[in-house]
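**Student:** These are the residues of each chain, in order.
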Amino acid sequence: GQNIDQPTEMTATEGAIVQINCTYQTSGFNGLFWYQQHAGEAPTFLSYNVLDGLEEKGRFSSFLSRSKGYSYLLLKELQMKDSASYLCAAFNDYKLSFGAGTTVTVRA
Amino acid sequence: SAVISQKPSRDICQRGTSLTIQCQVDSQVTMMFWYRQQPGQSLTLIATANQGSEATYESGFVIDKFPISRPNLTFSTLTVSNMSPEDSSIYLCSTGSGTEAFFGQGTRLTVV
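Read top to bottom, the protein sequences are chains A and B. Here the first sequence is numbered in the working numbering, starting from 181 and rising by one per residue. Here the second sequence is numbered in the working numbering, starting from 7 and rising by one per residue.
Hints in this document: simulated from the structure, not taken from any laboratory. One should not assume that every hint holds.
Not close to chain A: a few residues of chain B, all C-beta gaps over 10 angstroms, as computed [stated by the list, open to error]:
hint	residue
1	Q30
2	M37
3	F39
4	T50
5	I69
6	K71
7	S94
8	G102
Only pairs whose alpha carbons sit at most 16 angstroms apart, straight line, appear in this in silico EDC-like list of lysine to aspartate or glutamate [as the list claims (entries may be wrong)]:
hint	chain 1	residue 1	chain 2	residue 2
9	B	K13	A	E257
10	B	K71	B	E60
11	A	K237	B	E60
A few chain B positions that, by computed beta-carbon distances, are all more than 12 angstroms from chain A [as the list claims (entries may be wrong)]:
hint	residue
12	L25
13	Q47
14	T85
Even for Gly, the Cβ is constructed at its ideal location relative to N, Cα and C.
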């Protein structure tokens, strides 16, 4: 079966940095997705890591270690609009298995 | 990328009735996926829909409760049958290229 773990909640100050960790145990692993979901809206794609290492996209970076079954999403220069739920999802075979999501609250 | 139009965006239904959710993709795609997101929880895959074959259901989901159609490569429907309050959720359709996955806007279903 699939097991995806991430923290439930995180709080940070505007302008700060937050790192959301995700560990996974899954068979047939192909890669790791990160999604952002604002309340009442559909998830939107942030990143997809296949190879080990860090991928940077503006204020957001994502890291993957396949040997450790570990990923993190790094949010820099936090803005109020970054308050949302962040979902990590393991892509195995042809489908996604989602973690429960991490609710990030950005405070002024 | 793919753009998915999903409707209805929300509905309030009486228990015992059925609701059909539609998803239209702006390009031809091989696989479409249907997810459920219960309040405060993450997404759970209901089934995978391929054109020309029966949908593949995940553990805990059955065709009688969630019949799916996939008549062509751009369209799919999910029906929530004989609804009960426990079916109140957001339902999302999705497709992807293998390196990216796209979601419809979601259908917020409330069963009363």
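**Student:** Each hint should be assessed against the structure and marked as holding or not.
**Tutor:** Evaluated hints:
1. Q30: Check passes; 15 angstroms lies beyond 10 angstroms.
2. M37: Non-interface label on M37(B) violated, nearest chain A Cβ at 6 angstroms vs cutoff 10 angstroms.
3. F39: Non-interface label fails for F39(B): nearest chain A Cβ at 7 angstroms, not farther than 10 angstroms.
4. T50: Since the minimum Cβ distance to chain A is about 8 angstroms, T50(B) lies within 10 angstroms and the statement is violated.
5. I69: About 18 angstroms separates I69(B) from the closest Cβ of chain A, which puts it past 10 angstroms; holds.
6. K71: holds (20 angstroms)
7. S94: holds (14 angstroms)
8. G102: violated (8 angstroms)
9. K13(B) / E257(A): violated (36 angstroms)
10. K71(B) / E60(B): Status holds; Cα separation ~14 angstroms.
11. K237(A) / E60(B): Between K237(A) and E60(B) the Cα gap is close to 39 angstroms, so the pair fails against 16 angstroms, i.e. violated.
12. L25: holds (18 angstroms)
13. Q47: violated (7 angstroms)
14. T85: Holds: least Cβ distance 20 angstroms, greater than 12 angstroms.
Checked against the numbered hints listed earlier, the structure breaks hints 2, 3, 4, 8, 9, 11 and 13; every other hint is satisfied.
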